[in-house]
Amino acid sequence: MGPQHAYGIAARLEQIAEHPFTLNQGTLYPALVRLEQRGWIKGTWQTTENRREAKYYAITKAGARALGEQTERWRRFAGLVDKLLLNESD
Amino acid sequence: MAGLRRLLAKLVDLLRPGRAEADLSRELASHLALLEDELLRRGLPAEQARRAARLSLGGVEQVKELHRDERSFVWLDDARRDLRHAVRLLRRDPLFALTAVLSLAIGIGANTTIFSVANALLFRAPAGVADPARLVDIGVGRQGVGFNPGSYPNYLDVRQRATTLDSVYASEMFGAPLGMGSAGNDGRGEVVSSRLVTANYFTVLGAHPAAGRLFAAGDGEQPGAAPVVVLSHRFWKRRFNEDPAIAGRTLRLNGHPFTVAGVAAEGFQGTHVLETDVWLPLGMIAAARPSEASLLANRGSGWLVMGGRLKPDVSVAQAAAELAAIGRALEREFPDQNRGKELRLRESSSIPGASGPVTALLALLMGVVSLVLVIACANVAGVLLARAAARRREIAVRLAIGAGQARLVRQLLTETAVLCGVGGLAGLLLARGLTSLLVSLLPRLPFPIDVSLGLDGRVILFTTGLSLVAALLCGLVPARQASQADVVSTLKDDSPGASGRSRLRNAFVVAQVAFSLVLVVATGLFVRALRRAGSTDPGFDPRGVELVSVDPSAAGYGDVTGPLFARELIERVRELPDTESATIARVFPGGFEGIGLGGVTVPGDARASGEAPEWDWNIVEPGYFSTLRIPLVAGRDFGPSDRAGSPPVAIVGEAAARHFWPGENAIGRSLVQFGAGGPASKTATLLVVGVARDVKSSRLVDGLSSSFVYVPLQQRYTSNVMSSMTIAVRTSNGPRMAAEIRRLVASMNPNLPIVTVQTLEDYTALGLVPQHVVASVSGSLGLVGLLLAAIGIYGVTAHGVTRRMREFGIRVALGAKGADILVMVLRQGMSLAGIGCAIGLALAAAVSQVLTGFLFGLPPLDPLAFGGASALFLVTALAACYGPARRAARADPLVALRYE
Chain C
1 MGPQHAYGIA ARLEQIAEHP FTLNQGTLYP ALVRLEQRGW IKGTWQTTEN RREAKYYAIT
61 KAGARALGEQ TERWRRFAGL VDKLLLNESD
Chain L
1 MAGLRRLLAK LVDLLRPGRA EADLSRELAS HLALLEDELL RRGLPAEQAR RAARLSLGGV
61 EQVKELHRDE RSFVWLDDAR RDLRHAVRLL RRDPLFALTA VLSLAIGIGA NTTIFSVANA
121 LLFRAPAGVA DPARLVDIGV GRQGVGFNPG SYPNYLDVRQ RATTLDSVYA SEMFGAPLGM
181 GSAGNDGRGE VVSSRLVTAN YFTVLGAHPA AGRLFAAGDG EQPGAAPVVV LSHRFWKRRF
241 NEDPAIAGRT LRLNGHPFTV AGVAAEGFQG THVLETDVWL PLGMIAAARP SEASLLANRG
301 SGWLVMGGRL KPDVSVAQAA AELAAIGRAL EREFPDQNRG KELRLRESSS IPGASGPVTA
361 LLALLMGVVS LVLVIACANV AGVLLARAAA RRREIAVRLA IGAGQARLVR QLLTETAVLC
421 GVGGLAGLLL ARGLTSLLVS LLPRLPFPID VSLGLDGRVI LFTTGLSLVA ALLCGLVPAR
481 QASQADVVST LKDDSPGASG RSRLRNAFVV AQVAFSLVLV VATGLFVRAL RRAGSTDPGF
541 DPRGVELVSV DPSAAGYGDV TGPLFARELI ERVRELPDTE SATIARVFPG GFEGIGLGGV
601 TVPGDARASG EAPEWDWNIV EPGYFSTLRI PLVAGRDFGP SDRAGSPPVA IVGEAAARHF
661 WPGENAIGRS LVQFGAGGPA SKTATLLVVG VARDVKSSRL VDGLSSSFVY VPLQQRYTSN
721 VMSSMTIAVR TSNGPRMAAE IRRLVASMNP NLPIVTVQTL EDYTALGLVP QHVVASVSGS
781 LGLVGLLLAA IGIYGVTAHG VTRRMREFGI RVALGAKGAD ILVMVLRQGM SLAGIGCAIG
841 LALAAAVSQV LTGFLFGLPP LDPLAFGGAS ALFLVTALAA CYGPARRAAR ADPLVALRYE
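The listed protein sequences correspond, in order, to chains C and L. Residue numbers are given in the numbering used here: position 60 of the first sequence equals residue 60, and the series is strictly consecutive. Residue numbers are given in the numbering used here: position 281 of the second sequence equals residue 281, and the series is strictly consecutive.
Next comes chain L alone, as it looks inside the complex:
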């Protein structure tokens, strides 16, 4: 108890140091006065009494010092004094403080940014999910690669057969937007993102409701049996203001009434990054999205991610082995639909299947940003060394009058700690800006994602740790160097010495140049790779095309009214003043979705359906090919004559034409379209009227591209297939037309929800996101590194010149010309840059080997990237050295000798 009181008293003293000190002074003064009184009383003269009293009390300052040691934490007191000293020193040299804080802030901020992305994607446990470490994801791969969604019939078999998993759920991989109106008011065309899940989805994840209930076994997968929905907490808050009586209310989704069962717990979004507003039971697919109702029966089409919870004492490897065996059995039993497909099981992650590449990308970025921090630290350390050199005398004096070496190191480290603390704080603020910048670099994704890049405890801990590491990294060496000063020689003479110190400083500059060069080379490589990727012809021209997607089925358009509305809409879009050409299509190349309308073959083809390649279908209005600038190799585009009732026609891709009629003319031939029952279940005979060039669709999911079969919208419009259609407009001089089209759509039908608006370039750019992000991050940071390196070279050269001014004066006096000295100084500065460049090039060559996978076949030792970066650095270094060199060349021998 008494000990605790003492601790508290010491803390109080720490917070209010002045008070006890004043009290003590007063007490000692009173002591003296009392003693003096006593001596006077004994009969001493006043003068003598005062002296005797002072002598008897002893050293007042010593008493104070002992008192201080007793009443407070000495080391903390010292730390506070060091801190004040450090702040005072830094304020005296604001330029140094500012550049040091700024470079550290950039280094720490960049690291924090990348870490918070990694934190959000890889480390943060999903909210509202019980024991996420025991959850697994199941996907479909081919030959050990890929993690694609699986089909519903396969899911049912997996669920039934898996014994290592407690239970297996399935949810849609991408979900779909739905038009929503509340009961009685179908009107407002609001779009919500929905996801179909199995009834056990919430149970397996161990989720709890915030209101009402979640899905139960009763909300089964029987088609149409359970028209209920579960809302996400965020959606409940946004749309219904957390109405506690929400359970039991009716919502109309795509025109179909659904009862709200309940609301998921706050933050719950399943285990994946995709954001969902409402969850629907899988069995309700026919009501929500009639076009896709057949998915439930189709074993061939993959659209579901499966997941499960490991039984106790079962390892991931055991479960993976069992799933692989189930996959092989399914391939044997249903060879037509499952050929070449295998089941893969992984630990659950927020990006199922993609966590490998995402981790690789983040590791790459993390490498880039730690380089920046190292560069910043080298810069600060270099300047600190220079400052230490300038403070040599001060430190020698301190050592001479008895300061301990450890104490001095601590004081110097406090200075760096202050720098890094402020730098870390600024970095944290910078990171907030940088994260939003990074997010804005991403093209708009076709589905909403739920990634909160907030600065949580883990990020702040990371940044704090990083700042400490930075402080040690850039403070320890200069502090040790400074405190090891040789007292006698330093105090005795004023000559420049300490060549060891300037060698160390040179090493820091060389390191800075080398690491910044690596960053700039990496940027160069990525920029070149992006050029290359951009220059490969995708087969269509995405530049200058705007896409606006609408959901006509949500606004109640049927098989008859739909095509009429589409035709009128596109006619009016074509009348807009900035429209060059316009069309409507079900899908566009380069995105995620393709649609299936069954198989095609030529009449009388006996080959089994399983061997035929799968063709992608698209339903388009006339003008599709001209708007996307896809050349028609033969035949004609669809026209006004291809309407409902006229003979069904099709345009095929070159590869399809070659497949069916190798070496022959495809125009005028017939194609048989058939359904799930194979060629026997013929649904239509199509007359081929045109052949189009194949397009490269860089589909992210499987990376495959295939030939299209195009059919005219006017002939093939059914409301269940056209759950979404996209207007594409090529604008004449590049203005964005989204707002005009929005107004136009609203004026034609205010109930028609606009699902997405984006440019075709954004739509197709998804595949290049990693390269874009790395190029921009390493590019901007490489320039910062270049700047820091330039400052470093300038600093070293300028400092060297100042030190050697006398020498230059003597040289001039002895007959050296200004130009000779200029060259001499330049050569010294440039040799640092040269060594740095050489080391940097070697490092970059090593790093570029790692990057090969991201470079689209660009040789990693690209001469342009390497040569360009070196040239940039050498020119910058020359510019940085030139100023000091000029000053050296103008050395005045008179001044130098007078000083001597």
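If we strip away everything but chain C, and leave its shape as in the complex, we get:
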């Protein structure tokens, strides 16, 4: 997807979600700050194609590594929950 600004991320989430999913900006911005302070993403001011300025966040090397770990953990967790729910519904 490449570097994205906060609005872009919000729009993308909305687009991916099957139901209209409006992300509270109160969640988005603090999350971005958290990621940036951990050094997983890096924001730089750039210009959009419509000549608007916007802060673009790009993933860093450490971020990519962390993403791998987090994805792995999420899959395990989600799989576990799935299994649990399957057993329950039996």
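Quick caveat, the hints were computed from the structure, so don't treat them as lab data. Hints are supplied without guarantee of correctness; some may be wrong.
Simulated pairs of lysine-lysine, BS3-like, Cα-Cα distance not exceeding 25 Å [unchecked claim]:
id, chain 1, residue 1, chain 2, residue 2
1, L, Lys-64, C, Lys-42
2, C, Lys-61, L, Lys-311
3, C, Lys-61, C, Lys-42
4, L, Lys-10, L, Lys-64
A few chain C positions that, by computed beta-carbon distances, are all more than 10 Å from chain L [as the list claims (entries may be wrong)]:
id, residue
5, Val-33
6, Glu-36
7, Thr-48
8, Gly-79
9, Leu-85
10, Glu-88
Don't be surprised by glycine CBs; every beta carbon is placed ideally from N, CA and C.
Starting from the known structure of chain C, fit chain L onto it as the hints suggest.
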């Protein structure tokens, strides 16, 4: 790793808060613009697009707040904001800020000062000494009191017999000044302070050299065997500029060549406070100070402090028990010299033996200065309460719009913390000034002491802790009071209420008055005690007498040239225009030293020498008695006829005369002077020509006074006895003559070192140092306390009057006279002062019982000190109340009612 990065990022944000904030605003603005663009693209009109974008983003300020919470330490951010708020508030009321900071600075500064003295004397580990906790001091006591120096033969026995100590060293208690010239240049009369020590001194203390070597077993105590010296680091630096090739160089000390063995490590001064430039082996006493060579063989004369290192697993109590047993054995074996003397062992301290009284004195001073801090805190707390009352509405509004109580307390405490922080800093600076002031209060000591009163880490830690305690002490109660305001009633009506708060404030003022009164009473007691001590007649008149000590043996005067030089010197001093009378003597009364020239008895006296009292000797020029204003009870002073070759004469003290010839006339009788071998070893027969009144010599070491036997200098001058002689000048109208005498001595012999210059009053004042120090400290601080209490009373009364102005107006309208209101207000203010005085007097009565030991028999409940202090306080309180009371009395009913 990521966590650490985050912490760092938060810290960076803390330091540069504006940057992230601006960035966020910009980012949110861009968000809005992009959203608006999108909506426009979907075909909404511009106006609608903008509104819809704003709605969709939600509350911008909320986002910012959440962002802020996420990116920084919220509590620190709050603290910073509180701090800024506090500083702004304090700047708005500079008079309050200044008085609060000043009173806290005085309180904290005084505490820091006393603590740094205690730190230097009691807590700081001696530099360059290994494991000082295992070191002990050994001294000689009598009947369980005293810690006096011991003799060399006794030391040798102790060293040989002690099994609980690794090894025992000895060093001189007071050391001695020596004249120094470098090799080839005997000329420059420079004085260095020397100390004779045993060869194992440095080994036992575990000291290391900074250059060369320290003493080793080879530098033994065999007389004259090892002419070597060890220099102190400071002396090496001062005199030789840290010359690395110093070891092996030759120094001439009192004319005798010594080789420099090495330099002790930086800061090393042994375990005691006395400062030393050079250490000499004990065996070199004959070379350095010929007059005292016989000390090595004399079991009776004490001059050495002993010390040792405990063996592993031996406790101080075990070692003390062993030493006491050794002491008893020595008393049995040598009853003549050791009768009544016992050996005492203590943990090593910088003031051997005196650590008890010094600790007591410092504890006393510490008590005084903590009182001052309490007074200062009460003052600040009182004013803070008043301010809190004035800010009641502000605080109620804050509470109403949702501020937490804890958060408010924190904000109010921040304000006091700022005050106390600034006060602590100012106190630290003040302490530097106060320490030098305290040092200048001390009379000049006859020996150099090494006490560095620097502000080390421990002192700064103490001050920081103290400032925090002060902040809590004076901030917590007002802050809690303020934050517990009842929102509804405060906001609803503006009437003065909160009587609980003003009661609390009254309590603070009462406490201030009470504690300051204690300080002033204590001062009064000490001043009265000093008067009393000063009025007891010491038997001589120390006022207006200057003392200048010189060391003629260092300049090479011998038995023949010495008396001639002394006579010429004193003749020329007498010719100086401001001289009333002048004399030269070996020692003066009131100091540390007495000299021994053996025993005396009457011809044919069969009594054993051990039973005879010991007499102090003095060697004097004519004019001694008139210069010191010691009355001659009978006979005559020495005169020109008492010279070398004429029959030996003596003047004795009254007590000695009574002892030898009870009820008879002593003039014309003979005395036999004898040496160490008892009356059989007669050295001279003396003809008594005069009887002098006894003088009280307040000798610090043993507190005993004894009668003197005086002999004329012209007959009894030997260079080894006259290693020091002191010129005493009584000046006619009080000008200090030290400089003139210095010039005179230099013009007669530039090589003659001047050892000390002081007034006889300073010389004799040593015994009263504690009283002087406590009186000046508690006196100056008591006045500060009085001032603070006055401010407190004024503040409470003025505040009360302002609050009740309407009431007074109504009273006047109803027919009250101005005078009635004046009396009413005065009565209220004075009742606070009265209660404070009553409590203060009770406290002072309790405190004075503790002080009894310092008061020279002054009854602790001295009516003058107590009455005077109370009167002072009541008058001050009256003055403080009068202003507000006058204002109340002039209340205008029209104004009051119009307001209604």
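Evaluated hints:
no. : hint                 : result
1   : L:Lys-64 x C:Lys-42  : 19 Å, holds
2   : C:Lys-61 x L:Lys-311 : 64 Å, violated
3   : C:Lys-61 x C:Lys-42  : 10 Å, holds
4   : L:Lys-10 x L:Lys-64  : 16 Å, holds
5   : Val-33               : 5 Å, violated
6   : Glu-36               : 8 Å, violated
7   : Thr-48               : 7 Å, violated
8   : Gly-79               : 25 Å, holds
9   : Leu-85               : 32 Å, holds
10  : Glu-88               : 35 Å, holds
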